[in-house]
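Based on the hints, put chain B in the right spot on chain A.
Line by line, the protein sequences give chains A and B. Note that this note's numbering has the first sequence beginning at 198, numbered continuously upward. Note that this note's numbering has the second sequence beginning at 13, numbered continuously upward.
Heads up, a few of these hints could be off.
Each pair of labels, with its calculated beta carbon distance range [stated by the list, open to error]:
(1) B:F266 with A:H373: 31 to 39 Å
(2) A:K258 with B:I376: 41 to 49 Å
(3) B:K258 with A:H392: 49 to 57 Å
(4) B:F260 with A:H373: 31 to 39 Å
(5) A:R410 with B:L320: 54 to 62 Å
Lysine to any residue pairs mimicking SDA-like chemistry, simulated, CA-CA at most 20 Å apart [claimed, not checked]:
(6) A:K207 with B:L306
(7) A:K207 with B:I309
(8) B:K293 with A:E218
No lab work stands behind these hints: they were computed from the structure. We put the CB at the ideal spot given by N, CA and C, even for glycine.
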Amino acid sequence: MRILVVEDEKRIADFLGRGLESAGYSVDIAPDGQSALDMVHAADYDLITLDMMLPDMDGLKVLEKIRNRKTNPPVLILSARGAVEDRVKGLELGADDYLTKPFAFVELLARVRVLLRRGQPTPEKLTVGDLSLDCIRRKVVRAGDNIDLAPKEFSILEYLMRNKGRPLSRTMIVEHVWDMDYDGLTNIVDVYIRHLRSKVDDQYPAKMIHTVRGVGYMLELPEMRNDKPNP
Amino acid sequence: MKFSGHIFKGLRFRLALSYTLFFAILLAGFGFVLRGMLRGVIETTVQGLLDEEWAACKGFLRLDGNGKPQWVYDPNDKEEAAIVERLRLIYMIADEKGEVVESSEVYREMGFQSPAVIARVLGESKPSYAFQKNGRDQVFLVRQGTLSEPGGRFFVALGRNFTPSLQVINEFSNAYFGALPLVTLTAAFLGWMLARRAIEPLKEVAGQMAQVTGSNLSLRVPPRGSRDELDHMIESYNRMVERLEKSFQQIRQFSTDVSHELRTPITVVRGQLEVAMMTAKGEGELREAIEAALVDIDRLSQLVRALLNLAKAEGGQLELQVQPLDLAALVREVVGELEIAAVDRGVELRMTLPRTSIIEGDRIQIERLLYNLIDNGIKYTREGGYVEVLVAQQIEPAKILLEIRDNGEGIPAEHLPHLFDRFYRVPGKPAAAQRGLGLGLSFVAWIVKAHQGEIQVKSEVGRGTAFEVVFPLPSTEATTPREYGNQRETAGRHTNP
Numbered sequence: 198m199r200i201l202v203v204e205d206e207k208r209i210a211d212f213l214g215r216g217l218e219s220a221g222y223s224v225d226i227a228p229d230g231q232s233a234l235d236m237v238h239a240a241d242y243d244l245i246t247l248d249m250m251l252p253d254m255d256g257l258k259v260l261e262k263i264r265n266r267k268t269n270p271p272v273l274i275l276s277a278r279g280a281v282e283d284r285v286k287g288l289e290l291g292a293d294d295y296l297t298k299p300f301a302f303v304e305l306l307a308r309v310r311v312l313l314r315r316g317q318p319t320p321e322k323l324t325v326g327d328l329s330l331d332c333i334r335r336k337v338v339r340a341g342d343n344i345d346l347a348p349k350e351f352s353i354l355e356y357l358m359r360n361k362g363r364p365l366s367r368t369m370i371v372e373h374v375w376d377m378d379y380d381g382l383t384n385i386v387d388v389y390i391r392h393l394r395s396k397v398d399d400q401y402p403a404k405m406i407h408t409v410r411g412v413g414y415m416l417e418l419p420e421m422r423n424d425k426p427n428p
Numbered sequence: 013m014k015f016s017g018h019i020f021k022g023l024r025f026r027l028a029l030s031y032t033l034f035f036a037i038l039l040a041g042f043g044f045v046l047r048g049m050l051r052g053v054i055e056t057t058v059q060g061l062l063d064e065e066w067a068a069c070k071g072f073l074r075l076d077g078n079g080k081p082q083w084v085y086d087p088n089d090k091e092e093a094a095i096v097e098r099l100r101l102i103y104m105i106a107d108e109k110g111e112v113v114e115s116s117e118v119y120r121e122m123g124f125q126s127p128a129v130i131a132r133v134l135g136e137s138k139p140s141y142a143f144q145k146n147g148r149d150q151v152f153l154v155r156q157g158t159l160s161e162p163g164g165r166f167f168v169a170l171g172r173n174f175t176p177s178l179q180v181i182n183e184f185s186n187a188y189f190g191a192l193p194l195v196t197l198t199a200a201f202l203g204w205m206l207a208r209r210a211i212e213p214l215k216e217v218a219g220q221m222a223q224v225t226g227s228n229l230s231l232r233v234p235p236r237g238s239r240d241e242l243d244h245m246i247e248s249y250n251r252m253v254e255r256l257e258k259s260f261q262q263i264r265q266f267s268t269d270v271s272h273e274l275r276t277p278i279t280v281v282r283g284q285l286e287v288a289m290m291t292a293k294g295e296g297e298l299r300e301a302i303e304a305a306l307v308d309i310d311r312l313s314q315l316v317r318a319l320l321n322l323a324k325a326e327g328g329q330l331e332l333q334v335q336p337l338d339l340a341a342l343v344r345e346v347v348g349e350l351e352i353a354a355v356d357r358g359v360e361l362r363m364t365l366p367r368t369s370i371i372e373g374d375r376i377q378i379e380r381l382l383y384n385l386i387d388n389g390i391k392y393t394r395e396g397g398y399v400e401v402l403v404a405q406q407i408e409p410a411k412i413l414l415e416i417r418d419n420g421e422g423i424p425a426e427h428l429p430h431l432f433d434r435f436y437r438v439p440g441k442p443a444a445a446q447r448g449l450g451l452g453l454s455f456v457a458w459i460v461k462a463h464q465g466e467i468q469v470k471s472e473v474g475r476g477t478a479f480e481v482v483f484p485l486p487s488t489e490a491t492t493p494r495e496y497g498n499q500r501e502t503a504g505r506h507t508n509p
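The following block holds chain A by itself, in its conformation from the complex (with noise of 0.2 Å):
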């Protein structure tokens, strides 16, 4: 998986590039919006983190021409402009994501995983071990058990399922199934968690529902938890 980095601070490109390749992933650093778009027409990238103040010209221009062409990588948005609008604009305008600066890495890990799994096609039955999901009716079995859940706990949990093995961060999840900024309100993510696995997990010797520190939760088969996190 190719990565450009597109990023006028030195250190900040620095970290991310060191930070990205350790996760398993080749990066190459673009410094203005010029090179990025020259990289971009030369070599075929899976994913595109792009700042927002560049020096030549602004984000949302290099944006716009990338979506242009005709091979689509998503586009992870990271500005330090933080306001709603810009926000906004930048997710009108075709980008995948938007962090703002300052991140924590793994946040941005987290959503580069999932960007990076998005296009794949997204079956309506999804299956963990003895755990079902039917996205269609809406149904849930595990080990033969009918599982009732309350609207919000499917959505988690399909989340989760969706991106098995991949950490996923309260404000992703937040983001994700709330469809909204819910910016400093993410406990009511653990809340959620605290009643899905009193009805997924809590009954069955096999726990699916992990904590991941520092970042959120994560949904896996237990003998998984050892490997490598598949990029």
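Here is chain B on its own, set in the frame of chain A:
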């Protein structure tokens, strides 16, 4: 914020009320004056009639030694007879002792003049007039005069009934003052309507003004085109809103800039540490990451301190310790301290200074100004270049000139107007590693302003940049600490070519 209607009702009411009151007082006063004039005219007329009768009297009346009157006329002449008849109706004659010699019936009813009055009249050369009443509320105007006859001097009084004249005056008064309430009422109504016409546009404009709020400061109230006081007010208001909008924009821009300037180093610190935790092999790499983070944290705290200082200064909270100061000596000192940095960059520092040059200023701030400008020059000058500091005294008008110029890369003209803006950096240069906080020149501009000076920058790409600062000469007084913050508007300005 909406003006409630009753304030305008109040204003309208007060306008109408004062108008009505004024009108009523004017009208009543005018009535009194008119009445007085009317009475005066009538009195003069009657006095004239009495004068004529007096003249006739002199022709027809003869008095013997005792003052006994004899009317000399032709009884066959009907006209003469009528005149004498008329004369004899209201009259009285008294001798020099004040004793009544002769009088008519009508005169007796209203009483005679006292001997004192008679004596006074006899002593005067001119006749006098007096009002006298009888018991039936009739008023008479009496002409008192002296008639000199061979038999002696006699007091003669001739009267005319003044009652009908008084009636005319009273009738006029009644009609006039009777109509006054009605007229006043009409005036009040008209005043009320007029006041509405006067206030209506005011109300309208107030409504439009109320629509200009913090969130749509770009809105303006259109002038009505009448070029009157209201238009003048609208223009003043619009100018005020414009100033407000400008400072709002500046504040918004500033907070955006600050958040950007703070977010970037925080991102770096956080990311470096996190990635080091994930990837570092051994203590050495961890230590390296921590050291890098500390450098960034240093920079962050510098930034925060500088921001606080600038905010304090521009908010008028920084008190300057103004005292006489030798600028030339200070330049020598600062240049000495920056020498190492200059040598390190291969830049030569030059000075052209008078022996002393006294200005009035805050030592710390002036030092900061010199540091910023000279350090800037060093940063933007290539190896082998020079930075020169000049101080000179100008005689007419008396000023101290400070110039810091270099033969460095210069600044493209389009960046010059923004040079003193906070966080404004000429893109690209110098390398990020030695990039400043972007606040130095803002602070310099403030320091110059606070010292009532002016600053200009001239630059040519490839040839160098020159900052010219002008300080006023120290006055004899004012050596005590003063606050300069609140003089920002009027104190010196920096002009950007």
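Straight-line alpha-carbon gap K207 (chain A) to I309 (chain B), limit 20 Å
Satisfied, since the Cα-Cα distance of roughly 16 Å is no more than 20 Å.
Pairwise beta carbon distance, K258 (chain A) to I376 (chain B), judged against the given window 41 to 49 Å:
holds (44 Å)
Within 54 to 62 Å: is that where the Cβ-Cβ distance between R410 (chain A) and L320 (chain B) falls?
violated (36 Å)
Using the C-beta atoms of F266 (chain B) and H373 (chain A), is the stated range 31 to 39 Å upheld?
holds (35 Å)
Is the straight-line distance between the alpha-carbon of K293 (chain B) and that of E218 (chain A) 20 Å or less?
Since the Cα atoms of K293 (chain B) and E218 (chain A) sit roughly 14 Å apart, the hinted pair holds (cutoff 20 Å).
Range agreement (Cβ of H392 (chain A) with Cβ of K258 (chain B), hint 49 to 57 Å)
holds (53 Å)
Does the Cβ distance between F260 (chain B) and H373 (chain A) fall inside 31 to 39 Å?
holds (36 Å)
Given the proposed pairing of K207 (chain A) with L306 (chain B), does the C-alpha separation stay at or below 20 Å?
Given pair K207 (chain A), L306 (chain B) holds - Cα atoms ~17 Å apart, limit 20 Å.
Violated hint for the displayed structure: number 5, the only one.
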